[in-house]
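Visitor: Chain residues, written in single-letter form:
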Amino acid sequence: MLNKKILRDIWKNKSQFITVFIMVFLAVFAFAGVHAYMDGMKASSEIYYKEQNLQDIWLTSKDFNKDKLEEIKKTDNVKNAERLLTINANVIDPERFTNPDTNKKLSDLVIECNFIETNEINKMYLIDGEEYSKEKNGLWLDYYLANKLQIKVGDELELSIEGNTFKENVVGLVEVPDHVYFIKDDTAIFPTHTDFGFAYLSINEFPKEYIYNKVLETEEVQDAIDNLKELKDTLSKFGITDYSKIPDMITNSIEGIDDIDLSRALELVDDYSESKEEFIKALDNEFSIEDSYVFPYVIVDVDDVSKIDETKNKIKENIEDIITVTLRDDNLSYDGFKREAEEGDTYSGVFSGLFVFIAILSVVTTMNRFVKKERTQIGTLKALGIKRGKITRMYVSYGFFISFIASILGIVLGDLVIGNFFLEEEMAYYEIPYYNIVTIPLVYYVTIAIIVVITLVTYLSCRKILKEPAAQALRIERPKVKVRENSITTKRLFNKLSLSTKWNIRDIGRSKGRTLMAVVGIAGCTMLVVTAFGMLDSMKSYVSWDFDTINNFEYKLSLSSDYTDKQFDDIVSKYGDSTSMSTAIEFKNNDEIIIKALTINDSKELLQVTDHNRNPFKMNDDGLYITEKMASIYNLKVGDTIEWHIVGSDNWYNTKIVGLNRDPQAQQFSCTKNFFDTLDEEYKADSVYTNVDLSGIKEIPGVNTIQTIKNLEDGMNSMLNMMYSLIALLIGVSIVLAIVIIYNLGILSFSEKEYQFATLKVLGFKYKNIKKIFIKQNIWIGIIAIIIALPLGNFMTDYIFKNAIGDSYDFEAMIKPITFIFSAIGTFIVVYIVNQFLSKKIRKIDMVSSLKGNE
Amino acid sequence: MEKIVELKNVSKVYKIGDNEFKALDNIDLSLNKGEMIVILGPSGAGKSTLLNLIGGMDIPTSGNVIIDGENISKYNENKLSDYRAENVGFIFQFYNILPSLTVKENVDIVKDIVKNPISTEEALKGVGLLAHSKKFPNQLSGGEQQRVSIARAIAKNPKLLLCDEPTGALDSKTGVEVLKLLRKQCDGNNGANTVIIVTHNALIADIADTVINVKNGKIESVITNENPKKIEEVSW
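In order, the protein sequences belong to chains A and B. For the first sequence, my numbering assigns the number 1 to the initial residue and increments by one for each residue that follows. For the second sequence, my numbering assigns the number 856 to the initial residue and increments by one for each residue that follows.
Simulated from the structure, these hints should not be mistaken for lab results. Fair warning: this is a prediction, and the values are worked out from it, not measured in the lab. Hints are not guaranteed to be accurate.
Below, in silico cross-link-like pairs of lysine-lysine (DSBU-like), each with a Cα-Cα straight-line distance of 30 Å or less [as the list claims (entries may be wrong)]:
1) A:K464 - A:K5
2) B:K989 - A:K512
3) B:K966 - A:K766
4) A:K844 - B:K870
5) A:K496 - A:K771
6) A:K771 - B:K870
7) A:K766 - B:K929
8) B:K989 - A:K766
9) B:K980 - A:K766
10) B:K929 - A:K841
11) A:K844 - B:K1073
12) A:K840 - B:K966
13) A:K4 - B:K877
14) A:K502 - A:K512
15) A:K134 - A:K50
16) A:K844 - B:K877
17) B:K877 - A:K5
18) B:K929 - A:K772
19) A:K841 - B:K870
20) A:K373 - A:K467
21) B:K990 - A:K772
22) B:K989 - A:K772
23) A:K698 - A:K62
24) B:K970 - A:K771
25) B:K990 - A:K496
26) B:K870 - A:K5
27) A:K12 - B:K870
28) A:K281 - A:K208
29) A:K841 - B:K970
30) A:K771 - B:K929
31) A:K596 - A:K307
32) B:K934 - A:K772
33) A:K844 - A:K12
34) A:K772 - B:K1014
35) A:K637 - A:K684
36) B:K934 - A:K768
37) A:K698 - A:K152
The following block holds chain A by itself, in its conformation from the complex (with noise of 0.2 Å):
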């Protein structure tokens, strides 16, 4: 019979019951969905990184030969290691793709081409066509290009390093794990896999032309040159053209002669365009391609990952002219990623945290309410001799079963509809070939003690009122009215104040609980529309920052590492001297060694530095320059001095710290070229920044990769493009949870005064009367609440920026006050859209019966 009751009673209550419902629905929806991706993104890639074999070190010098990588390889607890020649390719005629984002051709195309011997470590994961060996022809390219670019197994690329061209067929398509986070260079943040790439290819396919040509235009070789050009003119002018007859007397003479097959020398050295090999062989008989092949990169393996640190200083110690030894932790792709989704925790900390928090105060609410609702039920049953325990189970169950049922919904669609689709997207930017959405132990926790405390406060309502004599709870509870609260609204000004607003302040006295929850509810929810649009107007302001101030040039050129001086003043000449050089220092901070990048700035305002209040100034030639964010990380000030040296460098200094300023995503040191220039350092620029028009170029001598500011803002605003889902979500479930809890508890406090309004409404007054009075409360409610929030916004989104972005970056909350506006026009059309809904109740007051019912 009870059971029927229950269903009866939910039936009559079921508008409430169904806002219950929803707003658990919703807490766990949101937080189950939110950690499902976040989750999902960190196991996927820790499995990924394992089945592939991701490096734990890099190692970077001017070259490893084989007996380098030997050495490697018998360091203590180094498992493997294996070399990498990582040059950038460009595609000849990138015209023939499209980009599927803009749909325009693509005018330049790179590919960053990764020469190998052996995949053992960082293996690639073949999506398509045929496994990697040494001895096969053709690339291995990323897939993730290719399926944007449309690139099949089977299609032929044509590219070009430095000039020399060379033509390869795809012959698979891979995701390899340290690109899981890929990006053109530090300026990029986020990869848009349409005008940048990656491929493998075996080192046996490394264009010889480019090896020949940089043998032949060493100086060395250069001056060998010029003394066969001399010792020809020579010759010619004794008549002598055989070169096979020259007297062993004038060979002997020439110093170094022993390995030069000087007839063949003489033979090509005006015309060797078409066989340098041969004409270099000619020069130096020991000559051997495979020797020639610059390896600037080692992966290293290691057995033991606790040892990491011993290993990486021996590494250090034992191997000549290294320049980096690298962990994972510093790694662009492995880091990137983790904090992509480490930051998600904050999002889903802040976010989910604040939703389950605003609809369980407000579900306890209801659920108080409702019991208390049903008081002479309970004496009822009690006076009829149904014993506590079923009564209180029959409640109880209410809670339980509702908030169940709406849990359990709500993690089921959680990782469905919001882990499936933030997962999907946030794997169309990084690179893991197998993704899925995982329920981590804490949300089934979060979800169980959501259940217990909904239980726990109905069964303690409930308990309550069974603890009174079944006569007493026979009686409906009065409404308490504190007298000594309410005098203070007898005098002075609250004398001259209307009836119905004296009212509806005593009211709200009366109702402190209910009152609160309604403000805390829709401040919250006010709050999270102000953080999601913050967050969005704060992103907007920093790539403006970052592109219309810091960034002050349209394209920047990354040099090759080797170019010459031929080259850099030809680049100069043409394109202007605005430069800068960026190198990785290493600085004493307390007793502890601190690598990070100092960029020495000679761009001639094009790349600009700038204060505290993002305005650009000038620096001056008196030390070194620290970013803001780094300056309080290492508890550093103007007028320290530090210690620091060039990695690779044995030449220590001592710096006055003579500015601070700040960049949104580069923590670092700065100083001009001109303090550089008073160092025992040479400065070799590695970037050149101009204005020049270069659209139609594809290629510079010297220059690695010529970038767009146009693209670099391109891939930025893909970023923001995810960015609005994400802040459509949250809008979306803020404004359902806001609705849902002004209506919940519209419901709550119209039922209180049902039958306040009934008794008003016998008295005469109109339907327009008593619904103003009505609104008139929920109204200040929510404008005190919106109040409260767009603070409450502003501190939630700087907090977000802060504290949920690593150290790397410097952002802060940039709200607009039009986003201020609309956000608190947006939730007051809200709160009165809701309550003119619910003030039509006041209609359908049947007088006699509330009045009945109260008696």
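Since the structure of chain A is already known, use the hints to place chain B on it.
Guide: This is chain B only, laid out in the frame that chain A set:
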């Protein structure tokens, strides 16, 4: 005498699920202006329904309710509100005063809806509560609360004062005080005010000018009391 209330063929049927319940069954009734009328009957007889129809709180399923010459059974909700505001004062068994308003404010509230109310002070003085005007309802006894309710009703200066079990929650002594106030309202204003009391307490019938007995939704009898008892003589 001038008629204030006329009911012609009035029926009120409530639908409860598939069943119909006839609360009033084809009633004809006329009540005189300036009288104190008591409607008597057992629980469920239809007396409150009758009062609600007269008070414009409900509309009949069929028939006409004519108050002071106006057929209010054809009124829409808005006109019924105006009718209740200007013509009717209600007094309930459980007072139905607003707990968040002081005594004075509970009476003042009618000023927002009535064109010619009597002053709050006068109404409170009339019920002997002027000294308590700043108190909140929960600082008052049951009888005092009912007197606030009467003050609120008479402040409207209504043609009809409708009272549903006004002494039901009060002890005999306090009940008598309340009835005195109702009689006073009826006797004052040159006989322009009519008081209708619904009760199941037959003892109250002795003080009425007219007694209407209701049973099973029908008027069983209408008795004119030529010599109503003095209120002081009544007790229960």
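Visitor: Does each hint fit the structure? Answer for all of them.
Guide: Structure-based check of each hint:
For the given pair, A:K464 sits about 21 Å from A:K5 by alpha-carbon distance, which is consistent with the 30 Å threshold. Of the supplied pair hints, the one linking B:K989 and A:K512 holds, its CA atoms being roughly 23 Å apart against a limit of 30 Å. About 13 Å separates the Cα atoms of B:K966 and A:K766, which keeps this hinted pair within 30 Å; it holds. In summary, the hint linking A:K844 to B:K870 is supported, as the alpha carbons are separated by about 17 Å, within the 30 Å threshold.
Restraint check for A:K496 and A:K771: the C-alpha separation of about 22 Å stays at or below 30 Å, so the hint holds. With a C-alpha separation of about 29 Å, the suggested pair A:K771 and B:K870 falls inside the 30 Å cut-off, and the hint holds. Restraint check: the Cα-Cα separation between A:K766 and B:K929 comes to about 17 Å, which is no more than 30 Å; the hinted pair holds. Under the criterion of a C-alpha separation no larger than 30 Å, the hint pairing B:K989 with A:K766 is consistent with the structure, at around 27 Å.
Proximity of B:K980 to A:K766 is assessed by CA-CA distance (about 28 Å); at most 30 Å being required, the pair is judged to hold. Note on B:K929 and A:K841: the hinted pairing holds, with a Cα-Cα distance of about 23 Å set against a maximum of 30 Å. Using a Cα cut-off of 30 Å, the hinted pair A:K844 and B:K1073 holds, with the two alpha carbons roughly 29 Å apart. Pair hint A:K840 plus B:K966 holds up; C-alpha atoms about 25 Å apart against a cutoff of 30 Å.
A distance of roughly 29 Å separates the Cα atoms of A:K4 and B:K877; the hinted pair therefore holds under the 30 Å criterion. The hinted pair formed by A:K502 and A:K512 meets the criterion: a straight-line CA distance of about 15 Å does not exceed 30 Å. Proximity of A:K134 to A:K50 is assessed by CA-CA distance (about 23 Å); at most 30 Å being required, the pair is judged to hold. A threshold of 30 Å between alpha carbons decides the hint, and for A:K844 with B:K877 the separation of about 22 Å falls inside it, so the pair holds.
Only pairs whose Cα atoms come within 30 Å are accepted, and B:K877 paired with A:K5 is accepted, the gap being roughly 28 Å. Distance check on the hinted pair: B:K929 and A:K772 sit about 27 Å apart at the alpha-carbon level, within 30 Å; holds. Simply put, A:K841 and B:K870 have alpha-carbon atoms about 21 Å apart, close enough for the 30 Å limit, and the pair holds. At roughly 16 Å between alpha-carbon atoms, A:K373 and A:K467 fall within 30 Å of each other, so this suggested pair holds.
Between B:K990 and A:K772, the direct Cα distance comes to roughly 26 Å. Compliance with the 30 Å bound is thereby established for this hinted pair. A distance of roughly 25 Å separates the Cα atoms of B:K989 and A:K772; the hinted pair therefore holds under the 30 Å criterion. Using a Cα cut-off of 30 Å, the hinted pair A:K698 and A:K62 holds, with the two alpha carbons roughly 27 Å apart. As the CA atoms of B:K970 and A:K771 are separated by approximately 21 Å, the hinted pair is consistent with the 30 Å bound.
Proximity of B:K990 to A:K496 is assessed by CA-CA distance (about 18 Å); at most 30 Å being required, the pair is judged to hold. With a CA separation close to 22 Å, the supplied pair B:K870 and A:K5 stays within the 30 Å bound. Distance hint between A:K12 and B:K870 is fulfilled; the C-alpha atoms sit about 18 Å from each other, no more than 30 Å. Under the criterion of a C-alpha separation no larger than 30 Å, the hint pairing A:K281 with A:K208 is consistent with the structure, at around 14 Å.
The hinted pair formed by A:K841 and B:K970 meets the criterion: a straight-line CA distance of about 27 Å does not exceed 30 Å. Annotation: proposed proximity of A:K771 to B:K929 holds, straight-line Cα distance about 24 Å (limit 30 Å). Of the pairs offered as hints, the one joining A:K596 and A:K307 holds, with about 23 Å between alpha carbons and a cut-off of 30 Å not exceeded. Of the pairs offered as hints, the one joining B:K934 and A:K772 holds, with about 19 Å between alpha carbons and a cut-off of 30 Å not exceeded.
The hinted pair formed by A:K844 and A:K12 meets the criterion: a straight-line CA distance of about 16 Å does not exceed 30 Å. As the CA atoms of A:K772 and B:K1014 are separated by approximately 28 Å, the hinted pair is consistent with the 30 Å bound. With a CA separation close to 29 Å, the supplied pair A:K637 and A:K684 stays within the 30 Å bound. A distance of roughly 13 Å separates the Cα atoms of B:K934 and A:K768; the hinted pair therefore holds under the 30 Å criterion.
Proposed proximity of A:K698 and A:K152 is supported: the alpha carbons are some 24 Å apart, at most 30 Å.
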